[in-house]
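Take these sequences, add in the hints, and give me the full structure.
Residue-level listing of the chains:
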Amino acid sequence: MARKLRYIVAVVAMLCTTPLVAQEVISDELIYDRISGFMTTADSYDIMPVRKSKNIKEIRHRHNIRLGYGAPGLFSEFMLDNIGMACDCALHFDYPSAIEHRRHSTSPRRQLSTLSLQYSYCIKPGFWLGAKGTYAGVWQYTYDTITGKRLYDNNAHNIALMLDAQIAWLRRDIVEMYSSLSLGLMAHIERANGGLTPMFDAVFVGLSVGRKCYGFVEVGAGIGGSVRGGIGIRFNSKN
Amino acid sequence: MKRTIFFCISTLLLLTSCKVGNGEQREPIEVGHGIVHWTEENLMKVSNMLESIFIIDLYLTTDPALREEIFDERLKNSVVEYDTTTNTIMEGYRYVDGTVDYYRTIATDGLLLSEGGTWRVNGQGTTITSDGGVMTATINTRIDDNSQVDAKLRIEEYGYDKEKGAFDVKYDGDIYIVEQREYTYTLSIDVVKSIEYTEGRIVGGELDVEYNYSATEHIDKVYMTYDKDGRISFSYRGYTNTTQY
Chain R
1 MARKLRYIVA
11 VVAMLCTTPL
21 VAQEVISDEL
31 IYDRISGFMT
41 TADSYDIMPV
51 RKSKNIKEIR
61 HRHNIRLGYG
71 APGLFSEFML
81 DNIGMACDCA
91 LHFDYPSAIE
101 HRRHSTSPRR
111 QLSTLSLQYS
121 YCIKPGFWLG
131 AKGTYAGVWQ
141 YTYDTITGKR
151 LYDNNAHNIA
161 LMLDAQIAWL
171 RRDIVEMYSS
181 LSLGLMAHIE
191 RANGGLTPMF
201 DAVFVGLSVG
211 RKCYGFVEVG
221 AGIGGSVRGG
231 IGIRFNSKN
Chain P
1 MKRTIFFCIS
11 TLLLLTSCKV
21 GNGEQREPIE
31 VGHGIVHWTE
41 ENLMKVSNML
51 ESIFIIDLYL
61 TTDPALREEI
71 FDERLKNSVV
81 EYDTTTNTIM
91 EGYRYVDGTV
101 DYYRTIATDG
111 LLLSEGGTWR
121 VNGQGTTITS
131 DGGVMTATIN
141 TRIDDNSQVD
151 AKLRIEEYGY
161 DKEKGAFDVK
171 YDGDIYIVEQ
181 REYTYTLSID
191 VVKSIEYTEG
201 RIVGGELDVE
211 YNYSATEHID
221 KVYMTYDKDG
231 RISFSYRGYT
241 NTTQY
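Residue numbers (our numbering), protein chains in the order written: chain R, 1 to 239; chain P, 1 to 245.
I should point out that these hints are in silico values taken from the structure, not numbers from a laboratory.
Since the model is a prediction, treat every value here as computed from it, not as a measurement.
Hints are not guaranteed to be accurate.
To be verified - Okay, the calculated beta carbon distance ranges per label pair: (1) P/E27 - R/L161: 43 to 51 Å; (2) R/L117 - P/Q25: 34 to 42 Å; (3) R/R171 - P/Q25: 51 to 59 Å; (4) R/T197 - P/M1: 37 to 45 Å; (5) P/N212 - R/L196: 39 to 47 Å; (6) P/D72 - R/H104: 47 to 55 Å; (7) P/N48 - R/L196: 50 to 58 Å; (8) R/D94 - P/D72: 33 to 41 Å; (9) R/D94 - P/H218: 13 to 21 Å; (10) P/I5 - R/R171: 26 to 34 Å.
Unchecked claim - Calculated cross-link-like contacts (lysine-lysine; reagent style BS3-like; alpha-carbon spacing at most 30 Å): (11) P/K162 - P/K45; (12) P/K221 - P/K152; (13) P/K162 - P/K152; (14) R/K212 - P/K2; (15) P/K193 - P/K162; (16) P/K45 - P/K221; (17) P/K193 - P/K45; (18) P/K19 - R/K149; (19) P/K221 - R/K149.
As the list claims (entries may be wrong) - Covered by chain P, per the in silico footprint, the following chain R stretches (three or more residues, Cβ under 8 Å): (20) 105-111; (21) 140-146.
We put the CB at the ideal spot given by N, CA and C, even for glycine.
Spelled out as structure tokens, the structure:
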């Protein structure tokens, strides 16, 4: 319960950043005019002089970098941890193996759910291609119940690198809704296991608010987790 | 500035959300609990094994009134037939339609246990002999696919308590359990003070138990005592505790 609550608080905190970003951008006069419909008719165009704004350029950004964090999803949790260990479940409790099980204790388990870093390039308005890297890790160690001696670490790390395609299916000046699909490879590293495996990540619905700097929340599946949030920046390589 | 503060706060919140499990912190006494539990399981198996044999002797030797009670209480779905020509006792299960499925035979030397006879339970590696009035049960039996029990027990007394409607047995000796899995687990039980078994549970006795796991070569020693209510007090590595199963 406490775990779920923490994730909810974390997501809410992420959401808190996005209205602030939006508030700042919407104060730009030109954008305000567009949203309020001032420039939607020919008449109004005649009445109101066109004012140049750097935002005109900004809405045609070519590059996009974003940093995000995803709450654990069923798939991402399974890939990191095979689920069973995260809940501290004792899977075998017949005697005498239970005696040996009790001889080992484990420290609190800490997990960093999926951190992601993504770069995208705008191929055409609303369509981005790029690469996404993710990292997730879990840390815990096992010690001897009787002596208290640290025996070994149960750490596990997932590092994925994927190609990403994103389509924005709703675009407004500061608000964008999109979906994306990423495919690539993931390396799983841990003490007693590991390997390279094909990996995917899908964003079913994503919402970004802001123009140059923006915040985003997403709902998806795959290695990225279930609900994700983060911040990003769009820019051009030269003015 | 506000954005930066909110970003920092949200990042801190994310980092605090990283703890996903409390782990399993255990006390050393829990290992002792495990050994005690396994010992109890095996003692019950041995006691039940003895009960299942002695109850047949009681059934065959007691007076007709008690015999009927024993049958009703303990052998209701069973069939016990003593063939005196072959000195064989056959035990089976009687189905509702009256058919019988024989599952065990006991070879006797012509005498019942209470007459000082020797019984060999076929297929179970159990032999009960009497020598100079001392009854000894030798058990070399596979409990299941992985485990084997070897025991040499001196039976001090056994009987059927009419008031409680229960079988009693009191015995001492040594019991050795081997469980073979990926590695070998062994349990050596040395009965210090006789085990008293009645109404399907152990209500007395003191034991020195030694547990060994071949993979780590751990040797753990536990001292156990049963009270009349079936509670077990035990000591392990200087820790003491009481439990009941």
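Hint check results:
{"no.": "1", "hint": "P/E27 - R/L161: 43 to 51 Å", "in the structure": "45 Å, holds"}
{"no.": "2", "hint": "R/L117 - P/Q25: 34 to 42 Å", "in the structure": "36 Å, holds"}
{"no.": "3", "hint": "R/R171 - P/Q25: 51 to 59 Å", "in the structure": "53 Å, holds"}
{"no.": "4", "hint": "R/T197 - P/M1: 37 to 45 Å", "in the structure": "43 Å, holds"}
{"no.": "5", "hint": "P/N212 - R/L196: 39 to 47 Å", "in the structure": "41 Å, holds"}
{"no.": "6", "hint": "P/D72 - R/H104: 47 to 55 Å", "in the structure": "49 Å, holds"}
{"no.": "7", "hint": "P/N48 - R/L196: 50 to 58 Å", "in the structure": "53 Å, holds"}
{"no.": "8", "hint": "R/D94 - P/D72: 33 to 41 Å", "in the structure": "35 Å, holds"}
{"no.": "9", "hint": "R/D94 - P/H218: 13 to 21 Å", "in the structure": "18 Å, holds"}
{"no.": "10", "hint": "P/I5 - R/R171: 26 to 34 Å", "in the structure": "30 Å, holds"}
{"no.": "11", "hint": "P/K162 - P/K45", "in the structure": "24 Å, holds"}
{"no.": "12", "hint": "P/K221 - P/K152", "in the structure": "21 Å, holds"}
{"no.": "13", "hint": "P/K162 - P/K152", "in the structure": "29 Å, holds"}
{"no.": "14", "hint": "R/K212 - P/K2", "in the structure": "17 Å, holds"}
{"no.": "15", "hint": "P/K193 - P/K162", "in the structure": "26 Å, holds"}
{"no.": "16", "hint": "P/K45 - P/K221", "in the structure": "21 Å, holds"}
{"no.": "17", "hint": "P/K193 - P/K45", "in the structure": "19 Å, holds"}
{"no.": "18", "hint": "P/K19 - R/K149", "in the structure": "22 Å, holds"}
{"no.": "19", "hint": "P/K221 - R/K149", "in the structure": "20 Å, holds"}
{"no.": "20", "hint": "105-111", "in the structure": "holds (count 7)"}
{"no.": "21", "hint": "140-146", "in the structure": "holds (count 3)"}
Checked against the numbered hints above, the structure violates none of them.
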